[in-house]
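For chain A, the structure is supplied; the task is to place chain B on it using the hints.
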Amino acid sequence: KAGVTQTPRYLIKTRGQQVTLSCSPISGHRSVSWYQQTPGQGLQFLFEYFSETQRNKGNFPGRFSGRQFSNSRSEMNVSTLELGDSALYLCASSLGGVGPYNEQFFGPGTRLTVL
Amino acid sequence: GDSVTQMEGPVTLSEEAFLTINCTYTATGYPSLFWYVQYPGEGLQLLLKATKADDKGSNKGFEATYRKETTSFHLEKGSVQVSDSAVYFCALLLSNDYKLSFGAGTTVTVRA
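Chains as they are written, first to last, in this note's numbering: chain A, 1 to 115; chain B, 1 to 112.
For reference, chain B alone in the conformation it holds in the complex:
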């Protein structure tokens, strides 16, 4: 079935460090890929998305590129801030479907 595998956490970084969270997927057909972020005590917020191969999604300094050849959608940020501390979820959505399939989530803590 369709599934998402993401890098296990927790990840602890210092401010201004480089962040990478790996995400790979298995899907029938051609899914769209998403990164969601969950801050403490809140619901999920869409961070960025990519709808086809080689698309790059970007938002708030975060980037991810849809790599069909490696079935990956790794999240990167060049210089993290304390406010980036959150749980990050990779997700996929098939073109003919309504439900998102999520990875396990990666907890990121950024220390000042």
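The shape of chain A in the complex, shown without the other chains:
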């Protein structure tokens, strides 16, 4: 069974640009969550989608947005990039229930560098 895939793996952008990251969940999984990982802030939750609906959102500015398609693939978009957006963006997929039996499987991440 293929794992969670994220594309691209590495990305370099300049301030003010926008970027779109993609995540393909494990087959059969309907939930996709996004996390930002930085040395200073650690791992922070961005948002979670289930069946094309955003169910939960972290404390990030409106420049960060996402969506999910009918095949459960998800994209996240960051507009007007800032230097502080440089991070590893991790995607996790799960079946979609709540609580501990809904194990989240993580992808390898997309490393975004903003110059």
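Everything labelled a hint here was simulated from the structure, so no lab data went into it.
Treat the hints with caution; some may be incorrect.
If you anchor each label on the Cβ, the simulated ranges turn out as follows [claimed, not checked]:
| # | chain 1 | residue 1 | chain 2 | residue 2 | range |
| --- | --- | --- | --- | --- | --- |
| 1 | B | 28 | A | 15 | 37 to 47 Å |
| 2 | A | 22 | B | 1 | 25 to 35 Å |
| 3 | A | 15 | B | 67 | 40 to 50 Å |
| 4 | A | 16 | B | 60 | 44 to 54 Å |
Stretch by stretch, here's where chain A covers chain B in the computed footprint (C-beta under 8 Å, at least three residues) [claimed, not checked]:
| # | stretch |
| --- | --- |
| 5 | 37–44 |
| 6 | 99–109 |
In this text the structure is predicted, and so the values were computed from the model without any measurement.
Think of the CB as a built atom: it goes at the ideal place given N, C-alpha and C, for glycine as much as any other residue.
Frame of chain A; chain B shown alone:
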């Protein structure tokens, strides 16, 4: 709010040494607790979990016990190997929630 505090690193050990990484949490309700591991250049992998008080999670020689009275979930391994070098994250998940709350991570380096 809900939060996880873990022992700061980095931690450097010799092969076959005993490893302990402390983790404590603050949460409303009764969370489930997790340890994730991140190897260089990779995403997170679930190492072990515990869903209720006094549960012990174990995997690959690692163990952690959910202690409600001390709100702790310390990770231990009796004899580490070089291949255990990684960043370890403690995390919690509330029973009615979808998002994981992570600790800051502890970098462990094991030397041969």
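Verification of the supplied hints:
1. At about 39 Å, the CB distance of residue 28(B) to residue 15(A) agrees with the hint of 37 to 47 Å.
2. For the pair residue 22(A) and residue 1(B), the beta carbons lie near 31 Å from each other, so the given range of 25 to 35 Å is met.
3. A C-beta distance of roughly 46 Å is found between residue 15(A) and residue 67(B), which places it inside the suggested range of 40 to 50 Å.
4. A hinted range of 44 to 54 Å holds for the C-beta pair residue 16(A) and residue 60(B), which are about 45 Å apart.
5. Chain A is given as covering the stretch 37–44 of chain B, and this holds because 4 residues of the stretch bring a CB closer than 8 Å to a CB of that chain, at least three being needed.
6. Interface restraint, the stretch 99–109 of chain B with chain A: holds (7 residues with C-beta to C-beta distance below 8 Å; minimum three).
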